[in-house]
Each structure stands twice: as structure tokens, then as C-alpha cells.
Amino acid sequence: MLSRVADSILWMARYVERAENLARFIDVTLNLQIDMPGSAHTQWEPLVRATGDDEKFKERYGEFNEQNVITFLTFDRKNSNSILTILRAARENARSIRETISSETWEQLNAFYHFVRDAADTDAVQESPGDFFLEVKHYSHLLNGVTDSTMSHNEGWHFSNMGRLLERADKTSRILDVKYFTLLPRVEDVGSPVDDLQWSAVLRSVSGFEMYRKRYHGITVERIVEFLVLDREFPRAIQYCLAEADNSLHAISGTAAGTFVNPAEQHLGRLRAELAFCDVKSIINQGLHEFVDSLQTQLNLIGEGITDTFIDPKTVV
Amino acid sequence: MTSSLSFHDYKTESFFDEFFDANGRPKSEAKILIDRINALPDYDLQTRQEAIDRALMRMGITFAVYGDQQGSEKIFPFDIVPRIISSIEWAHIEAGLKQRIKALNLFINDIYHEQSILNDEVVPRSLLEDAVSYRPECHGLNPPRGVWCHITGTDLIRHSDGAIYVLEDNLRCPSGVSYVLQNRQVMKRSFPQIFSETRVRPVSDYAIRLYETLQSLSPEVSDPTIVVLTPGMYNSAYYEHSFLAQQMGVELVEGSDLVVRDGFVFMRTTRGHKRVHVIYRRIDDDFIDPQCFRKDSVLGVPGLMDAYRNGRVALANAPGTGVADDKVIYAYVPKMIRYYLDEEPILPNVRTYVCEHDDDRKFVLDNIGDLVVKAANESGGYGMLVGPHSTKAEQTEFAELIRKNPRNYIAQPTLSLSRVPTVVDDHFEGRHVDLRPYILYGEDLWVLPGGLTRVALKKGSLVVNSSQGGGSKDTWVIAGNEAQLQVQSQSE
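Line by line, the protein sequences are chains X and G.
The first sequence begins at 742 in our numbering and counts up one residue at a time.
The second sequence begins at 71 in our numbering and counts up one residue at a time.
Quick caveat, the hints were computed from the structure, so don't treat them as lab data.
Hints are supplied without guarantee of correctness; some may be wrong.
Not the full set, but computed from the structure, chain X residues with beta-carbon under 7 Å of chain G [as the list claims (entries may be wrong)]:
1) Leu743
2) Ser744
3) Arg745
4) Ala747
5) Arg836
6) Ser837
7) Glu840
8) Glu848
9) Asn851
10) Leu971
11) Phe1051
For each residue, glycine too, the CB sits at the ideal point set by N, CA and C.
Given these sequences and hints, build the entire structure.
Below is the structure:
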């Protein structure tokens, strides 16, 4: 397929996943706020900080309260990382490859964008934010379902799938990082009794509460980290995401699993091997934040590897 | 306020109406639809119209409102009442279009080779050499079967005398066929039963016919790689480029996706370079190759013309076809038909005054207030004076332009376009329409039964362009026999 098209389909999927995860981020904070009255200031600020846009936010909005943060992260057209602008970017990418994706996918993404854009002009979100973010997640799920069941699982789909799962791995790690920090500022607190309610909210934010329960029953921080990082079956766990992204990468290149012929496969294979032979204790000992930092560096290398291999090869093949 | 749309109070107001004759009686081809609409429950038609508007928005069949940072988009307005053409009339139109396209192709091939029509002084040589869209670079080129123009969208109008006239030929990159196909899809969803009762001819095989036409341009390759070349997503016809590529199942490429290497054309893919055999280009001649035509073009592919000249890639339409879009050359098409085919034109031209001719120029200058004056090489309503709607100052300005450069101007009578009933708020009113059928020329000539009916939605307006309050309608060609209701493709 055309390199430009591969790039656009990958970014379309990444942006949609990014928008969905931003909704999850906000949603978990809303829930935590309900469970921890009076904690608003400590909850909303880290959310903006995690996006790296806190300076811009302070200039324009000042106070880190619910309404300001939600507006900034959801509808602000000047914020290049708001749900609305991210979806717009997804849609621009999709528009440039309409002939490659299925009409159903395009229409669903179009409806998704219009839903958020129209909501920007009403008070619906301020009145009932939970419902709105639930709806955002639904639109994203619908889009994924429509894509999976209307598009041939060909090279284009694999680029989309790879983009989606790499983005998801990145975002799951960030949700964990931010909430771990907010809920557990001191390393010594690991293992001490924690508020079930709060960590349940974190699990719920990645739709993982029920699946976690089936696997572990009781809530401990260590198990939650294990579940979200190392689980091989839960579709938002980092290990699962990387395994699926790796399958798509090999489907695209035709290289045998477990081997590599390009930098993308090399970096992704190495990261998978690292996770495969890692246990949660070593992650916690290393420090979760340090672990997430290193993970993100490696995800960036994988992204660069994909570009160098498929999109913009340095040498003409 | 009436609660239901019906034709009981509809007035043709002395215009030629496509649904009703001068005495207000329904025409036979429209009768079934008129009866069905009259019998619909209250508000039914409005509900269906709203559903269609929503569907068009959802499908993203929109055009961007330029200069709007919020990314607002509008749908190309669609009116639910179709235009209907009887099978007999369509047979006449179809024969006329085939005749005209055949003659135009012979003309283009001739002027880039022997130029016998110039040598025989049927068309003045000076006229050709002054035509802005004439491409000397194309001399001696030999597209397969001598066909230069593979895809045409001819603009037709019906005048108050009831006859169909050719207004423009559009031999370069005619657009709009995607609306024909989408309009039909939404109409079928809205009126499933009426379609079978009224025996409307299908249009859904356009994409496969287009594919076959393109395939035929690369006869030596059994399974050629075909692409659609677009200027990009900010082009106003981008939706159509993408739609056609999707419907044909081929890649939609931009200039930067293509590269010429060792004289062949390749596209950049995730697995390296891949050879391209046929390009359906939706970029004007001027921009397709900066090495050959406009040097500043960033939309095109350097070296493309060389590859084309050496027969290593096929282009549809061939470069150089635009010469026959020159509005002065248009005036000579009836002569071309007689010259090349020894036939009388089936579809007449609109009476055209060529300002270069002294008699014509005098007539135009004396009657400028009643005529439509057009510059030879402009399109899309630019460089145009509509006499009856112009000021004295504008008329003086155009008279001066004509005197200075008579070669560049023609004039035509102000035509009265026929009307079709159209939904206006809660009732029907007649609105003026034109018609753009689409013709493919590969192994054979094929005319899509139907075409884009554009409608001037503003009361009294004759301007059907979407930028100026125009919309579109589905176009129903009634089948003359059972075979015409089938969709057949030549291969598979």
C-alpha cells in the first residue's frame, strides 16, 4: 500500500485511541472526586500535567478545577491535545484515505467527530459529564468494532491495529503512572491497606474492574500493576497490546514471529522480551515511574522504526 | 399552511416544465411519480427529505466552507424530486452525445497530427494557435485507438422551445459523477417501491465501466495497476476522487506518491516502489509535470510526460484535450461533425456569436444587454457577463474587452432553462435545471443513463453552480426495454 496511506491510517487509529483514553482519564478523575470529596485540586492538576500542557493551561484558565480542566481537555480548539482537536486530526487523516478504509468506518468516525463538536456548543457536558464521557467511549468502541468487521484484515487494517495498540499501551502506562503518583505518593505505601474504592475507579477507567476481579479477587496495588502491565489476556494491558501490535507488524512485513529484519521489529521484539521475562516485584523495585519512563522511550523508538521502515525510508528500495 | 406536499397547486408559469405540459397535464414519464407523491401521507416527503439530508451529512458528502477555522461543512443541497427523462428522448440524447464525442476525438487527434481540418480551412488555423489550452508538446502523440478524451461530462440544457442543446463539452476533468451515484443511493433508500414501478435505469455500474475504460488504455498488460491522481484533500472535488478510487478498488495517489525512475512511473509503497500503468488524473494539464508544463507546480510528477510520450504510462484524459473546451472552438463542433463523420449534428449547439467575425462582433456590441458574453478559456462562471442581469458600466467594460481582444470572446442568447418541481418550504415550485451526462470512451463509447441534474434553488435564478445557491437532483432515465434495466459489465 502507499506509504502515505499507511501513515494516515496508522495515525487515524492512534488519534481515535488517544481521544478515547483522554475521556477515560477524565472519567476516572470524575469518579475519584466523588469517592474522595475535597480532593479536587489534587486530582485535576496532575491530569493536565500528564499531557505536558500545564503552562498553557495556567496562562489561559488559571485554576485547576473540574470545569476548566474538562473544557481544556475536551473542547478547547486551541489545545492541540483536546479530544475535539484530536478527533479532528483523526478525521483529517481518514478523509485523506477514504478510499482505503470502509465507508462504514468513515461514517462512524464522522459521526463521532460531529457528536463531540456538537456537544462543545451545549451545556450537556457540564450538567452530566459522566454520561458524556461514557458516550465518547461508546463511539470509540463502535468505531473499532465497525472497522474490525467491515474492513478486510489486510495491510491497511494491520497498520490501523498497530497504531491503535501502540497508543493504548502508551496510555495505559500513563493512567497508571499518574494515578499511582496521586494515590500513592510514597513508595513505602505499597502494600499498606489502600482504599478499595479509589483503585477500583482506576481499574474502571480502563474497563478492567470486572476482568481484574475474575483474575485476582482482592485489590492490592501490586496486583493492579501486574494486571495492567503484564496481563496477557486483558486487552488494555500493556503486554497484551504489545503482543497484538507485534503480530500486526509481522503480518505487514511478512517476517517470521520472533525474528526481525527492520528497526521497528527489533525494538518491539526487544521490548516484548523484556516484559515477558519481567515480574511485578522488579517493576515496583525499579520504581513504577521509572519503568513507565523507560517504556515510553522504547515506544518512541518503535514509532520511529515504523516510519523509517515503511513510511519514509532513508534509502530508495 | 398546507400540511402535505402535493402538485395540486403547482404552476408551470409559462416555462418549459419537465413534469407538466403547457396545459398543466402530467407528462407520461412523470405520471406515476406525481400520483405517488400526491398520495403520500402528510409530512411524509418532508420526513424523507430530512432523512436524506442527514444521510448525506453522515456520509460526509460535504464541501468545506472556505475560511472557516471551525471546519464547518455544508452538504451539496439535494432536492428529493427527481428529473425524469423518457426513453425516447434519452435515445436521442445518447446518440447525439456519442456522435459529438466521436467527432471531438477525431478533431483532437487530427490537430495533433496532420491538421487536415485546418488545411481544409474548416477551422481557422489562427484560432487553434491562439487557444490557451492548445499544447504543442502533444504533437505526434498516439494514445491507444486514437482516443484522447476517455471521460467527458457534457453540459446540456433544454431551452423554452423544448429542444436539448449542448452548452459546454468539458473534455478535461469533468466532475460531479459521484453525486449522481450517491444521489441515486439515497433516493433508492427513500423510495424503494417507486423505482421498480417507474422502471428507472440503473447507474450503479459506472465505476466498473470506468475501470474497464481505464484498463483498456494499457492493452499490453493483462492486469494493469491503475491509480487516480488527485491534487489532494483540499481540492473541492476531493470527495469525488476518493469516491471513484474506492468504488474502483484502486489507489488514490497524490503527485508526491509517484516517482519516475528509468522512464517508468512508480508509486511509493510500504514495500518499496510499485509500477503504475494507467493514471486517471484529476489534475489539469498545466500541473501534471513541472518539467513539461508549469514549472512551479508541486502537484504533479516530474518526468511524467516523458514516460507518457514513450508509451510507458497511460493518462486519462490525455494531455491536450482541453483545446476543444475553448469556447470559440466549441462554436465549430457542428462543422467538425459534418467534416469528420459526414453527418448532421443530432444535438445542436447553442447559437454562438464569435466576436472575431466582424458581423458577429457588431451584433454582439449592439445587443450586449440581451446576450451572455463568455471569455474563451474561462469556466465556472468566471469571465462572464449575463446581459440582462448586468449594469451599464459592466456592459461598457465588456464591450471594451471584446474590441481589444475579439478572439477571446463569444456571446450567446440568454437561454431560458427548463424547470422541474422542487421542494420550497412546504410546497413545490418550478426551479431551473441543466443536465450533465457522463460519457466513457474506451473500447467503445458508453453513456451513463442519467447524469447530474443541477438545479438553481433561488427563485428565478438560472445559475446552477453549487457556490451560488445551486443544488442537485437525481436523474431518472426511464427504460425502453427489459435489457436496459439490467446492469451488465463486459468483464467478469
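Hint by hint, here is what the structure shows:
1. Leu743: At 5 Å from the nearest chain G Cβ, Leu743/X passes the 7 Å test, so the hint holds.
2. Ser744: This hint holds: Ser744/X lies near chain G, its Cβ roughly 5 Å from the closest one there, short of 7 Å.
3. Arg745: holds (6 Å)
4. Ala747: holds (5 Å)
5. Arg836: holds (6 Å)
6. Ser837: Status holds, d = 5 Å.
7. Glu840: For Glu840/X, the interface hint holds, since the closest Cβ of chain G sits about 4 Å away, which is under 7 Å.
8. Glu848: holds (5 Å)
9. Asn851: Hint holds; Asn851/X Cβ to chain G Cβ min 5 Å, cut 7 Å.
10. Leu971: violated (31 Å)
11. Phe1051: At 4 Å from the nearest chain G Cβ, Phe1051/X passes the 7 Å test, so the hint holds.
Of the numbered hints listed earlier, the single one contradicted by the structure is hint 10.
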